[in-house]
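On the provided structure of chain Z, position chain L as indicated by the hints.
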Amino acid sequence: MKVTIYSTPTCPYCRMAKEYLKNKGIAFTDIDVSSSRERAQEMIDKSGQMGAPVIIIDDKCITGFDKEALDKAFATPPKPSKPTASGKSGKPDKSSK
Amino acid sequence: MIYDLAIIGGGPAGLSAAIYAARFRLKFLVLAREPGGTVLKTHLIENWPGEKSLSGTELMDKIRSHAESLGTEIKQTDVSAVKKKGRNFELITDAGNFEAMSIIFATGTRHRKLGVPGEDAYYGRGVSYCAVCDAAFFRNKTVAVVGGSDSAAKEALLLAEYAKKVYILYRKDKIRAEPINAERVAKNSKIEIITNSNVTKINGEQLVRGVTLDKPHAGSKELKLDGVFIDIGYDAESSLAASLCVKLDERGEIIVGRNAETNIPGVFAAGDVTSCSFKQVVNAAAQGAVAASSAYRFVTEKV
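Chains as they are written, first to last, in my numbering: chain Z, 1 to 97; chain L, 1 to 303.
Here chain Z stands alone, though its shape is the one from the complex (with noise of 0.2 Å):
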């Protein structure tokens, strides 16, 4: 699972949503749009939002800290296609990938 968030420095969403994420342990890629107005473009063009913070979990975006979104987003087992190496597909499993 592939976790992006952009956010800027002085946004209050955004540490909520990083604080939520460092207690579920769930490591993330932190992009600060504030200063970089290529980055900026780029969240934009990605999620059509001019809001931060933007998670970007795989394939799926989730604006603003959206807790109950970013709950069951975590809470999804991992699909059939793609079994675990335990090979537990039904339980949710911090390791896989």
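If you are wondering where the hints come from, they were derived from the structure by calculation, not from laboratory data. It should be emphasised that the depicted structure is a prediction, and the values quoted were computed from it without experimental measurement. Yeah, the Cβ is synthetic: ideal placement off N, Cα and C, and Gly gets one too. A hint or two may mislead.
Not the full set, but computed from the structure, chain Z residues with beta-carbon under 7 Å of chain L [unchecked claim]:
| id | residue |
| --- | --- |
| 1 | Thr4 |
| 2 | Ile5 |
| 3 | Thr8 |
| 4 | Thr10 |
| 5 | Cys11 |
| 6 | Met16 |
| 7 | Ser34 |
| 8 | Ala69 |
| 9 | Ala73 |
If you want a taste of the chain L side facing chain Z, the calculated C-beta under 8 Å gives, among others [stated by the list, open to error]:
| id | residue |
| --- | --- |
| 10 | Met1 |
| 11 | Thr57 |
| 12 | Ser69 |
| 13 | Glu73 |
| 14 | Gln76 |
| 15 | Gly126 |
| 16 | Phe298 |
Leaving out everything else, chain L in the frame of chain Z:
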């Protein structure tokens, strides 16, 4: 385990209550959906005694680390229900259920929506409720702040650091910012105030392109914009308290006495969720301290 006190909310009121509760040696925890609270959305705070100017985030980092240094346990979680359980209270949360002898509601407020067509459709596509979050996306663009409060004036000042033009759209004839901020707005050549006007619609394609006003400005009801920041006030987050039969006033704010007590024994409230008239960080922190002291008395006298 039964806690002496559960504090719901992690803004200035809740964390000030936590600092006092820790020093009273109460067994307590803080349950906060958004630790730091809405003050995090404030760009600059210039009326917190001892700090001439700092951001809402910096202030809350300091207050939070102060509370945590005294052993405060903050759980980032929603509280979905609070129920009476014998003489105590039970709190149902994503992080588990907790039982406490007393409660402080420091749940704050949530921003009000304008309620016009386009507001939801363009949320995050030019419509924002948080200038500190999103100002950076509007470099050299034209934006408007809807609202005439002190908070709206401060948002306009922050946005003027990025945008080339900032309108303040207000339904009354004069903005009611703190005079020091009203002066700054008046002096800022990028900011233009349009008074006695309401936004009736937010327009756009992929992103916001403008708003429709209820009366013409410079000959047209259509105002071209890249961003609309809505700051028209806040409503108290009091539904959880109401479910415990805590009395609210006609605005939906929790009615408290001078000791931060509500009509329900063991239930206290502090900060912007209460019926206090002056919604300020300094006031919220003070009320939080009073609420913790009252909870301390309630718990120790009950045993």
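Hints versus structure:
| no. | hint | verdict |
| --- | --- | --- |
| 1 | Thr4 | violated, 17 Å |
| 2 | Ile5 | violated, 13 Å |
| 3 | Thr8 | holds, 5 Å |
| 4 | Thr10 | holds, 5 Å |
| 5 | Cys11 | holds, 4 Å |
| 6 | Met16 | holds, 6 Å |
| 7 | Ser34 | holds, 4 Å |
| 8 | Ala69 | violated, 13 Å |
| 9 | Ala73 | violated, 15 Å |
| 10 | Met1 | violated, 22 Å |
| 11 | Thr57 | holds, 6 Å |
| 12 | Ser69 | violated, 18 Å |
| 13 | Glu73 | violated, 13 Å |
| 14 | Gln76 | holds, 7 Å |
| 15 | Gly126 | holds, 6 Å |
| 16 | Phe298 | violated, 32 Å |
Of the hints listed earlier, those the structure fails to meet are numbers 1, 2, 8, 9, 10, 12, 13, 16, in rising order.
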